[in-house]
Amino acid sequence: MKKKFSNPTFRIIASIIIGILIGVLICFVAIGLGYIHMNDGTLKEYSVKIFGLTIFDIKRVGSEMLGTPNNTSMMFIGVIISMILAIVVEIIVSFKNKHRKETAK
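The sequence shown runs 1 to 105 under the numbering used here.
Be a bit skeptical, because a hint or two may be false.
[What the hints assert, rightly or not] Simulated restraints, written as ranges between beta carbons of each label pair:
hint, residue 1, residue 2, range
1, K49, E102, 41 to 47 Å
2, F10, P69, 30 to 36 Å
3, G32, N7, 35 to 41 Å
4, H37, I87, 28 to 34 Å
These are computed hints drawn from the structure, not numbers from a lab.
The beta-carbon is built from N, C-alpha and C at its ideal position, and this holds for glycine as well.
Work out the full structure: start from the sequences and follow the hints.
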């Protein structure tokens, strides 16, 4: 497995996939918390926001709650997290490689 992480293409692809999964998990938890928030109060509607982006709108219609996703914002969050994760992983690998070269001298 360590050899696979020495390949930069594999590292970036893995970072993108893991970043998207983290974004999905964050949106899932936020939407769940939004429904819990709607159940607790007497709100007629509630917008679930992450980083200022509305990812889900919840409206109470009678006794039911209807949700409308904003897929563009959810995708944007996944892309941003993927980019940040890829950059962080590459910086960490760069520092580790630099440290190895310095200790080898």
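- Query: Looking at the structure, which of the earlier hints fail to hold?
  - Reply: none
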